[in-house]
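With the hints as constraints, model all of the structure from the sequences given.
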Amino acid sequence: MTRAPLLLAASLALASAAQPAFAHHSFAMFDPSKPLQFEATVQSLQWTAPHAVVWVQAGPVGTYGAGLWSLELPTSPANLAKMGWNRNSVKAGDKVVVSINPIRDGRRAGQFKKLTILATGQVLEAGNIPGLAVQPPK
Amino acid sequence: MTRTTPRPLLAALWLALAAPSLAQAAGPAPGAAEPVNPKPTRADWIAIADQPDLSGVWTPGPLDKYPPGNTTEPKWLPAIKPIYERLKQLDAEGRPQNIWVDCLPEGLPSSWTQTLNSLEFLPTPGRITILGELDGNRQRRVWIDGRPHPADPDPSFSGHSIGHWEGQTLVIDTIAFLPQVYISTAQGVGIPNNGDMHVVERITLTGPDSARVDLVVDAPHVLAEPWKASRTLIRHRERSFDLAESSCRQGDFLEGRDKDGLAIWVPLPKDDGGARLPLDQAAIPASKEQKR
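Those sequence lines, one after another, are chains A and B.
Note that the first sequence covers residues 570 to 707 in the working numbering.
Note that the second sequence covers residues 15 to 306 in the working numbering.
One or more of the hints may lead you astray.
Stated by the list, open to error - Derived SDA-like pairs: lysine to any residue, alpha-carbon spacing no greater than 25 Å straight-line:
1. K603/A <-> A106/B
2. K53/B <-> L136/B
3. K273/B <-> W616/A
4. K683/A <-> L136/B
5. K95/B <-> K242/B
6. K683/A <-> G653/A
Read the hints as simulated data drawn from the structure, not as lab findings.
Remember, predicted model here, so these are calculated numbers, not experimental data.
So, in structure tokens, the structure goes:
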């Protein structure tokens, strides 16, 4: 299994420890105490400021019905590009496993944490900006 | 006299002609020349080479909820403190009262203390322009040509800024903020400055590619004393850090097609806190309502 160069080991530790502090809206509506992981099919990567969004189709997950999920990345395309992402990092039809913090109100939405592309094993995260040793994920 | 111009028309004509001089009445003294931005000379451009070099793209350093050197929160007036504490509590409970979900510019001091986005300084004769990578490349103009603040400037999100160099430090003095501009300590926790805010920034080069911004925020209608905050910056010369267009509202829409096949924006529903939702999830499912 290959790991994407953008995956920084340190980012995982920071991701769990850092206070949620994100560009342009708080992420406090997402619940870090109830993380979810499930298989899904990418519909699109919305490559927009202030936050990019991975849209995925999934079957029933726990008490959630099947349908489209919005998985919001915690920062903008400009910052994601500095972490190694680009607008083609995932493509429509990619089978993936996603890790998210779901929104507290029960809708099919969540904070993106990690994604593995099943065909390649590539892992995508929103980690640190290179050169900033202690910059929390955003 | 064979032709007369109707009086109302004359009055309108007089107003139109007089408008420039009326506008001037609030500015320079009668008879004084309209101030201009002089054509830069070769010497003016060369002089920039002798200024401390702020060129390039800077990323905000370690994101500190309460920035380095300032481990205390702003000292709010007694009437404001409970409002602030309530916002903090709601944020901690997962019900953030977001203050920027409308995508209006952050303004000072939050464009320093809360931002996660890169910025760059563009020095030109008499002025330093600060571009940020959000709000469609928000910009600030800092006049370093010796001019004073205007007597009655129009309020704005980033205010009116004048600056000067003290050694390696660019000192910027800013007034004329809109009273709605937040003093914030988190993305969902902030208090409007309520008017008469005054911000002094000291931007100091601390190394070849590092800088620190020290802020003193005085907002007498909400703060019991001026709030001091700092932020560190790291410079990047890599082209991958060149500022990108970054329109804050764009994320509120999906790319779509209308019935004629034309590319359009499709508005997305959002929750109270600003999270984007699938089109079929605009309402909270009845089965989940009790979870709130």
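Results for each hint:
1. K603/A <-> A106/B: 16 Å, holds
2. K53/B <-> L136/B: 18 Å, holds
3. K273/B <-> W616/A: 24 Å, holds
4. K683/A <-> L136/B: 37 Å, violated
5. K95/B <-> K242/B: Given pair K95/B, K242/B holds - Cα atoms ~17 Å apart, limit 25 Å.
6. K683/A <-> G653/A: 14 Å, holds
Going down the numbered hints, you'll see the structure goes against just number 4.
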